[in-house]
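*Asks:* From first to last, the protein sequence lines are chains A and B.
Numbering of the first sequence is given in the numbering used here, commencing with residue 1 and proceeding in unit increments.
Numbering of the second sequence is given in the numbering used here, commencing with residue 1 and proceeding in unit increments.
Hints should not be assumed to be uniformly reliable.
[What the hints assert, rightly or not] Each pair of labels, with its calculated beta carbon distance range:
1. A:Gly212 with B:Asp221: 20 to 28 Å
2. B:Glu37 with A:Glu103: 43 to 51 Å
3. B:Ser172 with A:His187: 16 to 24 Å
4. A:Glu103 with B:Gln195: 54 to 62 Å
[Said to hold, decoys possible] Simulated crosslink set (DSSO-like; lysine-lysine; CA at most 30 Å straight-line):
5. B:Lys206 with A:Lys228
6. A:Lys216 with B:Lys206
7. A:Lys55 with B:Lys75
8. B:Lys206 with B:Lys40
9. B:Lys75 with A:Lys216
10. B:Lys226 with A:Lys173
11. A:Lys140 with B:Lys226
12. B:Lys90 with B:Lys40
13. A:Lys140 with A:Lys173
14. B:Lys40 with A:Lys216
15. B:Lys105 with A:Lys216
16. B:Lys251 with B:Lys56
17. A:Lys216 with B:Lys151
18. A:Lys228 with B:Lys40
19. A:Lys216 with B:Lys6
[What the hints assert, rightly or not] Calculated Cβ distances over 12 Å to all of chain A for the following chain B residues:
20. Thr7
21. Ser16
22. Asn76
23. Leu160
24. Leu169
25. Gln177
26. Gly234
27. Lys251
28. Asp253
29. Cys257
Because the hints were derived from the structure by calculation, they are not lab data.
Ideal Cβ positions, reconstructed from N, Cα and C, are used throughout, including at glycine.
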Amino acid sequence: MKSRIPVVLLACGSFNPITNMHLRLFEVARDHLHQTGMYQVIGGIISPVNDGYRKQDLVAAHHRVAMARLALQTSDWVQVDPWESEQVQWMETVKVLRHHHSELLRSLPQTEGQDHGRACSVAPTAVPELKLLCGADVLKTFQTPNLWKDAHIQEIVEKFGVVCVSRTGHNPKEYISGSPILRRYQHNIHLVREPVQNELSSTYIRRALSQGHSVKYLLPDAVISYIKDHNLYTRDSSWKGSSTQRNEGKTD
Amino acid sequence: MENSEKTEVVLLACGSFNPITNMHLRLFELAKDYMNETGKYRVIKGIISPVGDAYKKKGLISAHHRVIMAELATKNSEWVEVDTWESLQKEWVETAKVLRHHQEKLEAGSCDHQQDSPMLGKPGQKRKWVEQRQDFSQKKLLEPKPKDVPKVKLLCGADLLESFAVPNLWKSEDITQIVEDYGLICITRAGNDAQKFIYESDALWKHRNNIHLVNEWITNDISSTKIRRALRRGQSIRYLVPDLVQEYIEKHDLYSCESEEKNVGVILAPLQSLINQR
Chain A
1 MKSRIPVVLL
11 ACGSFNPITN
21 MHLRLFEVAR
31 DHLHQTGMYQ
41 VIGGIISPVN
51 DGYRKQDLVA
61 AHHRVAMARL
71 ALQTSDWVQV
81 DPWESEQVQW
91 METVKVLRHH
101 HSELLRSLPQ
111 TEGQDHGRAC
121 SVAPTAVPEL
131 KLLCGADVLK
141 TFQTPNLWKD
151 AHIQEIVEKF
161 GVVCVSRTGH
171 NPKEYISGSP
181 ILRRYQHNIH
191 LVREPVQNEL
201 SSTYIRRALS
211 QGHSVKYLLP
221 DAVISYIKDH
231 NLYTRDSSWK
241 GSSTQRNEGK
251 TD
Chain B
1 MENSEKTEVV
11 LLACGSFNPI
21 TNMHLRLFEL
31 AKDYMNETGK
41 YRVIKGIISP
51 VGDAYKKKGL
61 ISAHHRVIMA
71 ELATKNSEWV
81 EVDTWESLQK
91 EWVETAKVLR
101 HHQEKLEAGS
111 CDHQQDSPML
121 GKPGQKRKWV
131 EQRQDFSQKK
141 LLEPKPKDVP
151 KVKLLCGADL
161 LESFAVPNLW
171 KSEDITQIVE
181 DYGLICITRA
191 GNDAQKFIYE
201 SDALWKHRNN
211 IHLVNEWITN
221 DISSTKIRRA
231 LRRGQSIRYL
241 VPDLVQEYIE
251 KHDLYSCESE
261 EKNVGVILAP
271 LQSLINQR
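Bound-form chain A, shown alone:
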């Protein structure tokens, strides 16, 4: 049997707060990659953005990291990594990818241990690939002038690869065909269809919370408790409507 390429999925974003939709991205992406027969997903990383990103209504990174950690308590393969959020300043996504990729290479001998003895074999010499996991909305932002550096977009799709999960109102095939760089490396962009249409977003959660509405079953109970205990996203936090993006597009 041909060995599968081991893959780690990295999701960057505000996670303000993390929701069931974010958690679904990983599940759906993993299923898709496994069903191609070519990949074995061995891990997932959630990397909340640095406070220096200065997105409107962004609560402090340590909260966003704590909430993601609570959300992932019951996950046996996805973890939160606070490295990006702990840096002195905001950094471009490609740098986060580079960092995590080198970390992955350094821990290679242990990588197989994380395999949990799965039936599919991972070739001992196979180098794990780190892929950027995102929603189709992020892929669209590649088009926004001056938001991403072209060189970075190229490095992301050429050296790493993207796993892009569909989202209502987005047509990722269109975004790919409209960009020469994306077209050239489209074999490295995996488009994943999420059959369960879900418009859930962090923006919706923040709005509901500021209005005193229930958000139960949209995000893990442990995260809801944390939000209440720390008084996050209340009316006082003044939700001002959709925020503008400063630099690279980030998922909610």
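With chain A held as given, fit chain B onto it using these hints.
*Replies:* Frame of chain A, contents of chain B only:
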């Protein structure tokens, strides 16, 4: 409005819950927020009533499992619980009868209540003064004032509302009874379609004040059908259903191509009586 002037409401959701999903659970949350915000109601309880096996819907697995999954799903809810009465009946029970059962249960239960005491926790919690009732066992209890008895209302999605139009699926007198005596709270994305549907039905239009349409602003398409399909295809259902439900399904290997074939060729219970009449 003072709490004591508000009508207390119990939300009852009937359905297959095959399996229960996060979307079902959201219906309760959306309905509760909506009803409480009108200022006229106070939602005190939610009831999930899984349908009995005698309903004979295609792919319907045993009520035993569906009830347990619903109980696991509501384990962490302070106000939504599961009722097994409907699922334990040998024959299929019309929704109007389930509503009536629960309304009568509430009325019987409120004979024990002091009128001003708020509903504390789940039913079955004994109150100290119940022992005093033994002195009155021979005497007929006073009828509770109707205003003080909580009202049961049917909670549903737009699909149930629109199923009223399916020929022979519902008895017209049942539809009338549901909207006249109880009331409907319908969660829908397509508010305009639902309003049009109500407009086009004389029975619904007459009691439109008893039909509450609640807008679900975000699409949340987690249907049980999709869950079962995903499971047959070996796809993950995590974060679409509560973790405990996902674990239970996995442990008992509940949904398969085989289970989906259950009741194929069998006539749905509400339509069976039509055949018998011929």
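*Asks:* State for each hint whether it applies.
*Replies:* So, going through the hints one by one against the coordinates:
| no. | hint | verdict |
| --- | --- | --- |
| 1 | A:Gly212 with B:Asp221: 20 to 28 Å | holds (26 Å) |
| 2 | B:Glu37 with A:Glu103: 43 to 51 Å | holds (49 Å) |
| 3 | B:Ser172 with A:His187: 16 to 24 Å | violated (59 Å) |
| 4 | A:Glu103 with B:Gln195: 54 to 62 Å | holds (56 Å) |
| 5 | B:Lys206 with A:Lys228 | violated (43 Å) |
| 6 | A:Lys216 with B:Lys206 | violated (34 Å) |
| 7 | A:Lys55 with B:Lys75 | violated (37 Å) |
| 8 | B:Lys206 with B:Lys40 | holds (21 Å) |
| 9 | B:Lys75 with A:Lys216 | holds (13 Å) |
| 10 | B:Lys226 with A:Lys173 | holds (24 Å) |
| 11 | A:Lys140 with B:Lys226 | holds (28 Å) |
| 12 | B:Lys90 with B:Lys40 | violated (38 Å) |
| 13 | A:Lys140 with A:Lys173 | holds (10 Å) |
| 14 | B:Lys40 with A:Lys216 | holds (23 Å) |
| 15 | B:Lys105 with A:Lys216 | holds (28 Å) |
| 16 | B:Lys251 with B:Lys56 | holds (25 Å) |
| 17 | A:Lys216 with B:Lys151 | holds (24 Å) |
| 18 | A:Lys228 with B:Lys40 | holds (27 Å) |
| 19 | A:Lys216 with B:Lys6 | holds (25 Å) |
| 20 | Thr7 | holds (20 Å) |
| 21 | Ser16 | holds (18 Å) |
| 22 | Asn76 | violated (6 Å) |
| 23 | Leu160 | holds (20 Å) |
| 24 | Leu169 | holds (27 Å) |
| 25 | Gln177 | holds (30 Å) |
| 26 | Gly234 | violated (8 Å) |
| 27 | Lys251 | holds (15 Å) |
| 28 | Asp253 | holds (18 Å) |
| 29 | Cys257 | holds (17 Å) |
The structure does not agree with the numbered hints 3, 5, 6, 7, 12, 22 and 26 stated previously, though it agrees with the rest.
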